[in-house]
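> Sequence:
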Amino acid sequence: MKGEINEKLLEAAKDHNGNHKEEISLKNKIWSKMKTMWIVAGPAILVWFLMFGINVISQAFVGHIGSTELAAYALVFTVLLRFANSILAQSKNLIISYLAVFSLSIHVFLSWLLTVKYKFGIAGAMVSTILAYWIPNVGQIMYVIFGGCRETWSGLPNLAFKDLGPIVKLSLSSGAMICLELRYNSILILLTGNMKNAEVTISTISALSICLNISGWLVMISISFMSAASVRVSNELGRRDPKAAKFSIVMIVLTSFAIEFVLFMFFLFFRGRLAYAFTKNHDVVVAVARLSPLLAFSLLLNSVQPVLSGTMKNLYYS
1 MKGEINEKLL EAAKDHNGNH KEEISLKNKI WSKMKTMWIV AGPAILVWFL
51 MFGINVISQA FVGHIGSTEL AAYALVFTVL LRFANSILAQ SKNLIISYLA
101 VFSLSIHVFL SWLLTVKYKF GIAGAMVSTI LAYWIPNVGQ IMYVIFGGCR
151 ETWSGLPNLA FKDLGPIVKL SLSSGAMICL ELRYNSILIL LTGNMKNAEV
201 TISTISALSI CLNISGWLVM ISISFMSAAS VRVSNELGRR DPKAAKFSIV
251 MIVLTSFAIE FVLFMFFLFF RGRLAYAFTK NHDVVVAVAR LSPLLAFSLL
301 LNSVQPVLSG TMKNLYYS
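Going by UniProt numbering, 113 is the number at position 113 of the sequence shown; the sequence numbering is gapless.
For lysine to any residue, the following SDA-like pairs were computed, each having C-alpha atoms within a straight-line distance of at most 25 Å:
| # | residue 1 | residue 2 |
| --- | --- | --- |
| 1 | 33 | 246 |
| 2 | 280 | 112 |
| 3 | 119 | 280 |
| 4 | 117 | 76 |
| 5 | 117 | 104 |
If you are wondering where the hints come from, they were derived from the structure by calculation, not from laboratory data.
Construct all of the structure, not just a fragment, from the sequences and the given hints.
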């Protein structure tokens, strides 16, 4: 029994011939883990960053129409936040990246066309936003149907509609959890909208929505690293190499923290000019400048939490 207690639960990693792997230098280990990390994190960052950028660009166009329109967009945006990650789960990163780039490009053009040239105002910005969100969805469906996933898609049989009850229940419960997790920003906007002074309320909602939108946009980087952490931890534990899993976690956390630290310094130095990309209203600019230090610190804290969350999730399932 004593030998069993001291026995390792995971065997050391072995090569293809069944021999124990030799220790490699720290430099080569870092380079190897960085390459495998960016294979997963790179496309994810591109997709999340571009898709969330649709909302940021819409807000920038609406904000230059007027502060009232900017506040109205902030209230509407609280019910429009969504994520789309279906084909990413199948490692079809290239097509998702193409669709994200195409969608954002179309959105920028339509936003300028409808809000600046034809003066449709906030309605034009919302039309452009809706179309930009639908482009990736339609593109993914067409990609799957017309042969992009030949190994997993063979048509839509009748069995696909069997036992939908448990799937619907699971989807509703999962959706409820995600909504509760992501809607705290919406609660802040709604509470701010109930302030008595109308002029102060408009400026406050506008400033708060700008900061929350920027924060959500840049947190997409950390969420992408969360995906990378999930994949790397699962792979290393599957290879029975807990030391490599631990090293991967450290590398991903440090990389995410380093990127967010650069952004932290950026927002501290340029906090007085940050809001001019979204509005010309002086009161909103001043309010954003006051909130920028809190925004910078929130970005710094959010650089670590999503990565550790993805790590713990896979440690639980592994």
